[in-house]
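*Asks:* This is what each chain is made of:
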Amino acid sequence: MKITIVRRISQGFFFLLFIWFCIVSTFGQSFTQLRGWPVNWFLQLDPLVAIGNILTTSTLYSGLLWAIATIMLTIVLGRFFCGWLCPFGTIHHFVGYLGSLARSAQERIAAKSRGSQSIKYYILLVLLSPAAGAFLVNVADSSELDPLSVAGILCVLALAAAISRKMNSIGRPLILFTGLVVFWAAAGYFLKLDGALSVSLMTGLLDPIPLVYRSINFLLVPLVDSSFHLTSAAQRHYEGAWLTASIFFAAVFLNLAIPRFYCRFVCPLGALFGVLARYALWRIGRKQAECSQCRLCDFRCEGACDPAGSIRIHECILCMNCLHSCKDNLMGYNTFRSASGEHTSPDLSRRAFVASAVCGIVAIPMLRLDGKLGPNYDPALIRPPGSLPETEFLKRCIKCGQCARLCPTNVIQPDIATAGIEGLWTPVLNMRTGSSGCQMNCTACSHICPTAAIRPISIEEKLGRGAFEKAGPIRIGTAFVDRGRCLPWAMDKPCIVCQENCPVSPKAVYVKESFATIRQGNLEIASISGSSIVLSEPLLQPDKHSTGDFFVLLESRSVHSRIRILSNTEKSIILESRISPELNTSDLRRIELQVRLQTPHVDPERCTGCGICEHECPVSGLRAIRVSAEGESRQKRHSLLLRPV
Amino acid sequence: MRHAGIAETGIGILILALLVGIAGLIYIEQSRFDPDLFTLSVQKDGAGRKNLLPSPHSSPVPAFLPEDLIPLGPEETFDSESLSDKIDGKAELYLSSGFVKLTTRRFALKAEPKSWMELFIYEMGNPTNAFSVYSVQKRQGSKAIDLGVSAYATTDAMFFANGPKYFELISSSKGLEEYMSALARNLVEAEPGHAGKPAESSLFPAESLDESSISLHLSDVFGFSGLDRVYTAGYYTGAARVTAFISQRESPEEAADLASAYGKFLLDNGGSDIGEVTNAPDSKIYKVFNTYEVVIHRGKFFAGAHEADDVESAVEVASRIYSKLGEAGQ
Amino acid sequence: MSKKVEYRPPQPEMSRRDFIVRSAKAGIALAAAGAVGYFLHDPIGPGAQAEKSTVALPDFSVPEASRKIAIATGEDRLKTVNAALSALGGIETYVRKGDRVLIKVNAAFATPPSLCATTNPDLIAEVARLCLKAGASSVAVSDNPINNPESCFVLSGIEEATQSSGARLILPKESLFTNISVPGSNLIHNWPVFSGAFQDANRLIGIAPVKDHHRSGASMAMKNWYGFIGGRRNIFHQDIHTFIKDLALMIKPTLVVLDGTFTMITNGPTGGSVSDLKQTNTMIVSTDQVAADAAGAALLGKKPADLPFITKAEQAGAGTADFESLSPLRVSTG
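Protein chains in written order, with this note's numbering: chain A, 19 to 663; chain B, 8 to 337; chain C, 868 to 1201.
It is possible that part of the hints are untrue.
[To be verified] The list that follows gives simulated cross-link-like pairs (lysine-lysine, DSBU-like), each with its CA atoms no further than 35 Å apart: (1) A:K130 - C:K892; (2) A:K390 - C:K1040; (3) C:K1179 - A:K654; (4) B:K93 - B:K181; (5) B:K93 - A:K525; (6) C:K892 - A:K305; (7) C:K1119 - A:K654.
Since the hints were made in silico from the structure, they are not lab data.
Using the sequences provided together with the hints, build the complete structure.
*Replies:* Now the structure itself:
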């Protein structure tokens, strides 16, 4: 059995497994729902996620330990992940294959190894340096530098120096990069440049695993499921589909021009693997120096690593195609290096290297000059319950979209516009979408987040019960009644939908009764008797006032009486009870036709910001009661009230 | 094209085996999850109620749960105040029978959570009360099941009383009998020592007795407020079915008083005195509309036949009871 | 830019050596990866945000000094403050040689000194000068204003007064705030406080004008400490009296100087016109901030009982409201 067949089976296996995980990421216990399916496994295997997590938080969270296994296997075997496991890579491989079917042999060879494949290393640098710069600050983050931290930093420097001597192309840039980072960290430490060193995890933007998760979950699953309704009874919606789709389909269709376009030119994870693979014990290579130069091995080379010439180990993704293409059986997966020469490091220009690093380190502090993390925060940014405070959140969120996928009410949306580029595809709640705001007893998103950007919470903590009674419930915002749009407030129309649906007990939305004379409700009467009133003009719509919400206000000198209307015709009104005899005097000429209104008010001490009221509000465009981020528990600065202990 | 060598094939097979292993581990992993994380039912916590939504940690998997079942949600408890929230009008029966506490929980099949059942455990204070609520609610068309205690099953449910507790196990779908029996057995075994029949049941003459029909009515029996703690049992005499009753009173005087009080009640309500049972002194036969009531007393016991269609069968059963009561002593 | 090709012919010994070297490097890399995974692994994740709080702020009161209060009357601030201080035993009783003094002023608004919404700059300069004369090694002046700090200190005249007297001004920078909790307080829990102002100070003198205040009824010595609070502190206005009591628990000053020369009796705390002021010609200096406020209430035409925060502070043990019981030393400067 050829190894390429095994490789294809492996790709197919992991791809189908990945699709299965996307399908079953529905909240529930049946076999085709979440249960115990390890749907985050691909994210946990991804070393870029793990390294990002380590750099920004100095810890490796829970399941991300799997990435260590991937790293170890890569160190020993090479870039097996890219060729055998990565579901995004499988898509590119397949589409690239389709594209190449129409090509001649000449064209295929022409689409071969390019120096510009180094771009992905710069992309990796740009995305990872915001995390890296602050890592050193974290290490030295105390009033005195303790010996351990100093030792740590010196080790890093020594390592960099040692490596630089061995590495030709990467040596000097690496020293420079390390020097830059150290300088920046020192400056930040001694000069207290609080604003100058901001940590953010940006790898999620182009890291293929989160990218493919969100593309499949936000595009293909809801699209296909609209016919089958397997994952959701109602059609699910995800914002920003245009952006997610553009990126995904651009990546996919570019394979028709150059196979595995994304893998070769863009993928930062591939770049990371390329750097890790330099000491691989087994590598693809030629067994002898001379060969017929037929270039058949180049035909199907997926990594564009130039096996016919000096093979680029950092580009080789172990597709094994060259092993079987060579008619003379000269290619192998060997413990010795390729006889026709080998590159182990990518070709990086010093200038570009430094530029990327600086770009990355400086970009985030510059982006944050807009003050959105301080007093200029966007009140529309409502994050799921359990989310960490914003700066911590942005250190952990890899934009995988699992929380949005899992949310049973489809209220979590990938953010496109609210939180800037740092917040692209991070979870934001849009109460108008989905079935009902944030369900009170649900903590699903907090348990699915692979990096604890939304930290796992118990129902008790969310509701403020038991051990958490003193702390109170987790609030994600507060509802505010828009009195200019609310039906009872602005339009004299009875409505208490928000109060009815408020799920907390006692309710956070409470109503106060008031009576308002309706439009043209000051009516002249012809006669009164018993429980009926006859108007002097037929001004009313028959039965319009029979709903039980309408009252007649009778006032004369000292008596003031309000009686509910039972029914009405054009000219007469039947009341619920008899009119008090004191009023049956002839000096009563006019009555007020009133509507009973219950106007909603929000009690900020009870409101958790769940948004069910906003969702149910019948003013369906810009809702008359809307949740905004004031009062969210995760950010003390945003609190609305004193909460004395 | 070169052919794959032995080594290559071998490695290939190893890798495929690894993939199969991964698939297997994932399959095992999918069944291991905490069901409490998946309940979404919103419990409206009314003001002043007890906490109906206990924390996930306080509802561990109960010991009596057989392997194939998993809990589907947390345990809920109800007291006299909140009982009607769960069972609505039926609460009255329990509340007048010494109800203490109700605990409910749902369980589901591990392999197929869409098949679930609900367990109700009513704590009634003492075995008599438990037996009473068990017996008076017995459904028609049920079949007895062997649990060592009073128990019967219908097509989709099981009911049994064990000591001071009354259990109901109601399933959502067919095909769960096996699991329900296992669960019921575990529950009974968890609190042993209550097997056996209730006290007065041995006083009913055995011949033609439908044992499974023995019931205990605790209050307002037969519509008469003076009657409480009455055992009833069904007899098949010929084609007719006669309901006999026996109640043990404090003293012979009380039994006699009760007999005449009940007689007066029947007369006041349209009955007429039509005679007596020959071998039972101070007994009465009443015709109330088109049924017959036989009222006897002997010693501490008040007994008879209730709403019988055929007077002869009723008298026959009553006199047999009378004789048996004599054997029992005072 | 083609790089040098590493050319290795597959000679057995060479390739074997190379393999061994590579294996060694791979081994080190594996070990490093394993170590990182092992040491940094965090199975639990971040908990509910931990509250980082330090202990309460230091006690600046002079231990030997007993509870005293001096009330000096007169038109000239400099004379009255000197008279009051002498009555209490002189500044040297409270500021010794080598002490580092922090003067907490009210620079809340960018208003001119004539409106008396902020502490009078001449008074500040005089107290600073007295401290330095008594031998203090450094005197600092500080506040966390409501309006923009730079304009507040400048327009109120406080910056110039500070510099001319030889003291230094500490501006509120974000890095000088740390979260603290005050034991025994209701509301100050894990809240940012301007602790950097206290950088190695061991004496604290509060100087505040007597003002009417819409929410709390009065703004005097205890409320002066509001200027140490950071964050979105207006929230505390919802429970202002409890909060002022908490402030009195938070700060134990060496001395408080309550300037009642011109009392703002209406439209406090910002005032806005000299017609809001009444010339009451009184200067109160005390080691007991509650007593000082109780004495100052009269200048506003109020009784201590009219100001709930005084009662609360006394009950919490921050001082005594019955200032008469401290045998106030009354002096007149004519």
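*Asks:* Next, verify each hint and record whether it holds.
*Replies:* Comparing the hints with the structure gives:
For the hint linking K130 (chain A) to K892 (chain C), the alpha-carbon distance of about 31 Å falls within 35 Å, and the restraint holds. For the hint pairing K390 (chain A) with K1040 (chain C), the CA-to-CA distance comes to about 19 Å; that is within 35 Å, so the pair holds. At most 35 Å may separate the alpha-carbon atoms for a hinted pair to count; K1179 (chain C) and K654 (chain A) meet this at roughly 26 Å. A distance of roughly 24 Å separates the Cα atoms of K93 (chain B) and K181 (chain B); the hinted pair therefore holds under the 35 Å criterion.
This hinted pair checks out: K93 (chain B) and K525 (chain A) have alpha carbons roughly 22 Å apart, not beyond 35 Å. Under the criterion of a C-alpha separation no larger than 35 Å, the hint pairing K892 (chain C) with K305 (chain A) is consistent with the structure, at around 23 Å. A C-alpha spacing of about 27 Å is found between K1119 (chain C) and K654 (chain A), which places the hinted pair at or below 35 Å, so the restraint holds.
Comparing the model with each earlier hint shows no violations; every hint is respected.
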